[in-house]
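*Asks:* For chain A, the structure is supplied; the task is to place chain B on it using the hints.
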Amino acid sequence: MRFLLDAEQRAFADSLHAMLTAADTPTVVRDWSRGDHASGRALWRRIAAAGVFGLAVPEEYEGLGQHPVELAVAFVELGRHAVPGPLVETVAAAVLLGEDRPAKRFLPQLAAGETLATVAAPTGYALDGDAATLHLAPTGEGLLLSPGPGPVRPCLDPARRLTPLAPGGELLTPGPPHADAVTWARLATAAQALGVGLALLDRTVAYVGQRTQFGVPIGSFQTVKHRLADAKIALEFARPLLFGAAISLHPADVAAAKLTACEAAYATARTALQLHGAIGYTAEYDLSLWLTKARALRTAWGTPGECRDAVLEGAG
Amino acid sequence: MTATVDLTHAPADEEFRAEARAWLAAHVPRTPLPSLETAEGFAAHRAWEAELAADRWSVVSWPEEYGGRAAGLFRWLVFEEEYWAAGAPGRVGQNGISLLAPTLLDHGTEEQRARVLPPMASGEVVWAQAWSEPEAGSDLASLTSRAVRTDGGWLLSGQKTWSSRAAFADRAFGLFRSDPGAPRPHQGLTYLMFDLRVPGVTVRPIGRLDGKPAFAELFLDEVFVPDEDVIGEPGQGWRIAMSTAGNERGLTLRSPGRFLASAARLLELWQAQGRPEHARARVADALAGARAYQLFTYAAAARFLDGASLGPESSMNKLFWSEYDLALHETALDLLGGEGEWADTAWAQGYVFSLAGPIYAGTNEIQRDIVAERLLGLPKGRR
Numbered sequence: 001m002r003f004l005l006d007a008e009q010r011a012f013a014d015s016l017h018a019m020l021t022a023a024d025t026p027t028v029v030r031d032w033s034r035g036d037h038a039s040g041r042a043l044w045r046r047i048a049a050a051g052v053f054g055l056a057v058p059e060e061y062e063g064l065g066q067h068p069v070e071l072a073v074a075f076v077e078l079g080r081h082a083v084p085g086p087l088v089e090t091v092a093a094a095v096l097l098g099e100d101r102p103a104k105r106f107l108p109q110l111a112a113g114e115t116l117a118t119v120a121a122p123t124g125y126a127l128d129g130d131a132a133t134l135h136l137a138p139t140g141e142g143l144l145l146s147p148g149p150g151p152v153r154p155c156l157d158p159a160r161r162l163t164p165l166a167p168g169g170e171l172l173t174p175g176p177p178h179a180d181a182v183t184w185a186r187l188a189t190a191a192q193a194l195g196v197g198l199a200l201l202d203r204t205v206a207y208v209g210q211r212t213q214f215g216v217p218i219g220s221f222q223t224v225k226h227r228l229a230d231a232k233i234a235l236e237f238a239r240p241l242l243f244g245a246a247i248s249l250h251p252a253d254v255a256a257a258k259l260t261a262c263e264a265a266y267a268t269a270r271t272a273l274q275l276h277g278a279i280g281y282t283a284e285y286d287l288s289l290w291l292t293k294a295r296a297l298r299t300a301w302g303t304p305g306e307c308r309d310a311v312l313e314g315a316g
Numbered sequence: 001m002t003a004t005v006d007l008t009h010a011p012a013d014e015e016f017r018a019e020a021r022a023w024l025a026a027h028v029p030r031t032p033l034p035s036l037e038t039a040e041g042f043a044a045h046r047a048w049e050a051e052l053a054a055d056r057w058s059v060v061s062w063p064e065e066y067g068g069r070a071a072g073l074f075r076w077l078v079f080e081e082e083y084w085a086a087g088a089p090g091r092v093g094q095n096g097i098s099l100l101a102p103t104l105l106d107h108g109t110e111e112q113r114a115r116v117l118p119p120m121a122s123g124e125v126v127w128a129q130a131w132s133e134p135e136a137g138s139d140l141a142s143l144t145s146r147a148v149r150t151d152g153g154w155l156l157s158g159q160k161t162w163s164s165r166a167a168f169a170d171r172a173f174g175l176f177r178s179d180p181g182a183p184r185p186h187q188g189l190t191y192l193m194f195d196l197r198v199p200g201v202t203v204r205p206i207g208r209l210d211g212k213p214a215f216a217e218l219f220l221d222e223v224f225v226p227d228e229d230v231i232g233e234p235g236q237g238w239r240i241a242m243s244t245a246g247n248e249r250g251l252t253l254r255s256p257g258r259f260l261a262s263a264a265r266l267l268e269l270w271q272a273q274g275r276p277e278h279a280r281a282r283v284a285d286a287l288a289g290a291r292a293y294q295l296f297t298y299a300a301a302a303r304f305l306d307g308a309s310l311g312p313e314s315s316m317n318k319l320f321w322s323e324y325d326l327a328l329h330e331t332a333l334d335l336l337g338g339e340g341e342w343a344d345t346a347w348a349q350g351y352v353f354s355l356a357g358p359i360y361a362g363t364n365e366i367q368r369d370i371v372a373e374r375l376l377g378l379p380k381g382r383r
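Residue numbers (the numbering used here), protein chains in the order written: chain A, 1 to 316; chain B, 1 to 383.
Calculated from the structure, these hints are not laboratory results.
Note that the coordinates shown come from a computational prediction; the quantities given were computed from them, not determined experimentally.
Ideal Cβ positions, reconstructed from N, Cα and C, are used throughout, including at glycine.
Treat the hints with care, since some could be wrong.
Chain A stretches covered by chain B per the calculated footprint, using a threshold of three residues with CB under 8 Å from any CB of chain B [unchecked claim]: (1) 5-15; (2) 209-218; (3) 223-233; (4) 246-258.
Pulled out of the complex, with its shape left as it was, chain A reads as follows:
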């Protein structure tokens, strides 16, 4: 029993944090939101070079072997920096492509960051289909390689560009798609949401410490403090669920982590918006990059209701 990240795992988080801080991700996010993917693709390659996508790919397909704990560590940092793109979907794709021929054909490029993969959600829309180079559609008959994306539909998070996928295409694997893909996607989404929440908390703590009204920092007011204390607690109790789920990969544990992390991140977003006041309600101010993502992640890869059902199912 030692439920703590080890030094290597912490160092991995720190190195990603440093790399992403230097990458000026807010500019990348804004480019991506306009459909300009050049800076995002460059960042994607650096994330792949750091080994992030390889953490979902077996070694025989040129990945690092499947390491859900390290993947969760990485996705917390990706969320903290609001990194755009079909990050979770690429992880889901790695699991969907599974073994054998499709794996051999696609996974090496995916681990290397040469492929951006997306996967159609039950809504029929896939995240960032316009940027993705591999479009997967899990259907009743099997996993299809879609011919490509349709037009972009705006999302509440402008950095999430939803596209329908063209019907038909090559049948990659017959039969029902890999259920594990949803588990991995939920785990990655939970981690990303936790990172989004942590960034919102950090930014808001910094803001209320320097914003002055009535002659004092607004962060000295008890109402402000208590809202931030609640946000801190919600996030810090989501964190152990996330890493516990990464260890077990049990669908009920992963659902609990996804539910709790997304609720904590969203509650933190509401607090962040309220404590920033009107400036927080502007698209121009960078806080918006995290505010809108907290809302979108809440329903991505499993709504709160679906996650609760999975929790109850797992409990018997």
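*Replies:* Then chain B, alone, in the frame of chain A:
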């Protein structure tokens, strides 16, 4: 990259779990004991403490010489999981075991430990706490009850209140002002233990919300306390007590095992009531919350064993469990429908107890200030 983060208990701890489980299965009363907050129930719970102690299950984390099993933190957590899962009675000795004992182990003398701890472990002496006063609640350091030097000891005078367990307990511990001239309120306080059933002490039980005397007012009029019942140095009481408060809010007051067991019972209730849709979300949240608290505690325990001080982190703990416990019981009463207002159910009793959680052991408002100022670094301001 090998994951060394590990959620598996050591084999020896699992053997300990099996031993605890077997003992509890053979000894836990089949029908619940009468309420701890009645004379009859208090006596029954005291007898249960003796039964636990006879087989060294009452204070597993203490050193063996005082009746414990020298169980480490994880083994203690395992014991608590088994204890509450078995539906075992509430612990009448908890104030002493989880507040006074850690203080004595850290700050007491060898003589004090040998004299005080074994009868505490057996339930022969049950302890009440004497912190709050009518004018000193959240601002505890403003307390005015006095300890005046006399030959061979101290004379205690003043009024304490909200003294948990004092209606039926034998002794109490708390802070008294021994140096009224000290420059700051936190200075000049002394930590003392005293008898509740001696001349000069008047105990006036107070009915909690349901009328049961769960706590009491204490009126002290020149109550003699010998020097041997001072803990640590006179005048150092605040520092010593805060180390106790850290324990209370931290790992030892409300173990995750309690809430895992409560969440499992809530799930059973929800299933027995036909899985009503209105409570689905709250039952799922209770299950996730109990697991979150368990895992948070495992992580905190690992950091603690690495030498980290829990400090203000224990405020997060207290906020989480107190609000969690209340929400869980509210859900249960809603699930009981019209029977939810019956006072004599285990759920109703638990609900009344859970209502106090956000108030005692430092109110949740004080805890949020601590989280905001010490963990988030926000500036101090008016309370």
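*Asks:* A separate judgement is required for each hint: does it hold in the structure or not?
*Replies:* Evaluated hints:
1. By the rule of at least three residues with a Cβ nearer than 8 Å to a Cβ of chain B, the coverage given for the stretch 5-15 of chain A holds, with 5 such residues.
2. Counting residues of the stretch 209-218 of chain A whose CB lies closer than 8 Å to any CB of chain B gives 3, which reaches the minimum of 3, so the coverage claim holds.
3. Look at the stretch 223-233 of chain A against chain B: 8 of its residues bring a Cβ nearer than 8 Å to a Cβ of that chain, three or more, so the hint holds.
4. A count of 4 residues in the stretch 246-258 of chain A with a Cβ less than 8 Å from any Cβ of chain B is obtained; the coverage claim is therefore met, three being the minimum.
In summary, the structure agrees with every hint in the numbered list given earlier.
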